[in-house]
Structure formats: structure tokens, C-alpha cells
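*Asks:* Whole structure, please, built from the sequences with the hints as guidance.
Protein sequences appear in the order of chains A and B.
Using my numbering, you'd call the opening residue of the first sequence number 6 and step up by one each time.
Using my numbering, you'd call the opening residue of the second sequence number 6 and step up by one each time.
Please keep in mind that the hints were generated in silico from the structure rather than gathered at the bench.
Since the list gives no way to pick one copy over another, a pair counts as held whenever it fits inside one copy or between any two copies.
Here are the simulated lysine-lysine pairs, BS3-like style, with alpha carbons at most 25 Å apart: (1) K161 <-> K13; (2) K199 <-> K139; (3) K203 <-> K161; (4) K204 <-> K194; (5) K161 <-> K129; (6) K203 <-> K107; (7) K107 <-> K199; (8) K161 <-> K191; (9) K107 <-> K139; (10) K107 <-> K161; (11) K129 <-> K194.
One-letter residues, chain by chain:
Number of protein chains: 2
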Amino acid sequence: MTKDTKSKVYQEVLEEIRNYIVDHQLQDGDRLPSERELAEQLNAGRSSVREALRAIELLGLIETRHGEGTFLRSYQPYYSVEILSTFILQETRSQQEVLQLKLLLESQVLSNLSGQISTDLYEKLLSVIVELPKEQLHTFLFTELFNAAGNRLLSKIWHLLEGFSNPIPFEEQNHSFYEQILLWVKENKTESAKEALKKVYILE
Amino acid sequence: MTKDTKSKVYQEVLEEIRNYIVDHQLQDGDRLPSERELAEQLNAGRSSVREALRAIELLGLIETRHGEGTFLRSYQPYYSVEILSTFILQETRSQQEVLQLKLLLESQVLSNLSGQISTDLYEKLLSVIVELPKEQLHTFLFTELFNAAGNRLLSKIWHLLEGFSNPIPFEEQNHSFYEQILLWVKENKTESAKEALKKVYILE
DNA sequence: CAACTAAATTGGTCTGACCATTAACCTAAT
DNA sequence: ATTAGGTTAATGGTCAGACCAATTTAGTTG
Chain A
6 MTKDTKSKVY QEVLEEIRNY IVDHQLQDGD RLPSERELAE QLNAGRSSVR EALRAIELLG
66 LIETRHGEGT FLRSYQPYYS VEILSTFILQ ETRSQQEVLQ LKLLLESQVL SNLSGQISTD
126 LYEKLLSVIV ELPKEQLHTF LFTELFNAAG NRLLSKIWHL LEGFSNPIPF EEQNHSFYEQ
186 ILLWVKENKT ESAKEALKKV YILE
Chain B
6 MTKDTKSKVY QEVLEEIRNY IVDHQLQDGD RLPSERELAE QLNAGRSSVR EALRAIELLG
66 LIETRHGEGT FLRSYQPYYS VEILSTFILQ ETRSQQEVLQ LKLLLESQVL SNLSGQISTD
126 LYEKLLSVIV ELPKEQLHTF LFTELFNAAG NRLLSKIWHL LEGFSNPIPF EEQNHSFYEQ
186 ILLWVKENKT ESAKEALKKV YILE
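*Replies:* Right, dumping it as C-alpha cells:
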């Protein structure tokens, strides 16, 4: 009868912590009670409390500082997404799939930045491109572009894919190719840039 | 010098478990070593191992059965979604980012399937759509579409975002909307479908 | 008042113990 | 030989205590 009732202690602690936050109207940056306090108040062992806290931490909801305490922080899915993505990537390591998604993200960032690149940034990037060895061009440019676009989630996942697609034979392009891409984006001719980029990825 | 090196034990355990899964090519349903074995093999305390396992469990990547062991399972955000939804309410920027990526993936799957939907599948989906309540339409249709598209990476990440974006207010569409989307994809009119989809996501 | 020191607080980690659940094994009755 | 029942071993669930490491706080000293 009491099938659902038997939940683990760390899950109950999870609930209690949530209630605590709501009841005390805690905001980002506010401090939670210490692990020992929580354990005592909730009638649980400290290890159970820690299991709950570690889980929440991995989700990105709290931040722990040694010697100080545990603090609420604004939700950032990036860490957990990263973990999950790595697990998922392990399962589905189809290089095609990785490349397709990578191309998709790169195309998206080009769209996001279409006509949005300042002359300052443009010239700065151009000057670096000239000096960089060929094999670093792609990573460098898109790292900068994702950075400029400001979507950290997109950026995180792209970097992840970047890591996984390293061993994949990639048709390296020369400097003028990336200069052209950059120019197109700056001049709002994103479609041309996307097409050119697509050709680099030998899909199918 | 070794500032960044000092990561917590449970995080290292996380890594090791991931490596173990990769090395042994574990699939959904396969069993992980026992907590005690992991602790010994990784030279860590059992409590640290448990912290890692609990965190992964909350993410929905593993399943634990008392007396039996710990098992890999296909990713199902169950608890994490509930937790996150109560913890996170606002955080517009993060939501925006999740939504943007979600829309991007959905658009991509529409492209992938453009003109590729068999009459059989079309009619099958259509018949289900009619019977489904409004709030389940979106998830259902795209689950099926991602399934049909066959790109598991895309699919997994989408499901992931689907879980994370649950608490986000979503403008629900009626049945005819999704019937139209489906029809457009079947008839190779993907651009129309994408545009319509984009309007559902109120970005910016 | 500033600077240094000692103590208290807090998170990080390990060990060992015990309970609850499940699976595997063995034994005895049919 | 098969099956029912009970015992044993393995595994997760939980707690308590100890110790370390980082940080803050309180106290002391110059």
C-alpha cells in the first residue's frame, strides 16, 4: 500500500531544502544552513544531507565554498548539460551526428551575429587570423564568435562537440576562407557564409 | 600552480564512472560495479562514490535498485525536472538560451525529414494527434519526428532541453497547428513549417 | 588601530558499523 | 527429479564518528 511512500532520505532532504528556501525566501547568493545544522534539523545523517547537496550542486542550483558554506546561485544549466552531454555523446558517437550538430550550431552563431560585428572586433579578429597557423583558424574564429554572440549554452555545447570532433578529419581551410566568412557575417551576407561553411563539412 | 587541479573526489568519481561506461561499452540496462567495488577500484571512500552516484541518479542517468545494484538507463529527467522547476522560476536569460537551442534543433529535424515522411507514418501520427490533449501535442510530435529522423544525438539533446524547458511557459498550439506542420514537412514545404514554429517561440 | 594568533565554524573525505532488500545457494519434502 | 523453504552472500541505504583543509571570527598584542 505504501509503495510510493518509501523514498530515500536524500530525496526527502531535497524536499526539505527546497521548502527551507521557499519559507525563508532565499535569493541568489544567500547562504544555506551548514551541513551539520541541516542534518540535525532534519533528523538525518550528514552523509545523506551531503548526497542531496551534491546532487543539487551538479544541477547547478547551489555553490559550495570550503570553509564558508553552501550558497544559492542563479541557475546555470551549463554544468549539468555538460555532464549529460558527455554521457550522451558516449552512447551515440556517430561522427556524422556530431558534425551535423556542430555545423548547425556554427551556422546559428553566424546568423546571430549577422551584421552585428563591430569594426573594432572585425579588425581585431582579422589581425589574429593572419598570424595564426592554419589548423587553429577554425577553432579560434568560432570561439570568438560564440563568445561575441553571448549565448553561453550554445557556446558550451559547441565546445563540447569541438572536443569530440577533434580526431575527425577536418578539411582545413586557408586564411582567406575565414577572412571571407568573417566579412560576410559583418556585411549581413550570412547565407553566403553558411553555404561556404557547409561545404567544409563533408556530410554524407 | 595546481589551482584548477583540486576538484572534489565525487567529481573525479563522476569522470571515472563515465570512462568505465565508455570502456566497457555499457548500454541501457547494464549494471555498474557495486558501490564498494567502485570505491576500492577508484581509491575513494564509499561515501564519495555515493555522492557521485546520487548526483547522476538525480540527473536521471542511472537507476538504483536496493539489493541488486546500480544500472544504466535511458535518460529520463524525472526528479531533476521537478526540482529545477520549483527552484527556477525566473532567469530569463537562461530560459532564452535553452529555448533558442530547442527551436534550433526542432527546425533542424524538420529539415532532415523534409519530404521524407511516409504516408503510413503521416497517417499514424495524424490519428494520434487528434486524440491527444493540447498540452501534449508538441512533445509528442517532436518526439516522433526526432525518432523518425534517426539522429540520436540531436534527439537526446532535444529531450534534454525538453526536460529543462518544462517550467518555461509555452504558448500551446491547437491540433490544427501541428497537423499543418506535419503536412508541410511531408510535402517538402519545410520553410513554412519552420516559420510557423518560430512564431510559437516568443524569443526576444 | 593595525597586525598577528588562536579558536571555532564549515565543507571534504574516509572508515566502520548496522539495517533492508534482493539474488543465489542449499537442503529437505514431495 | 522437482519444488518449497530457509540460509547465506551481495548490495544499496543510512548513520555516527573521526580527521583534514579552508575560512571566518574572536581575541590578543604591538
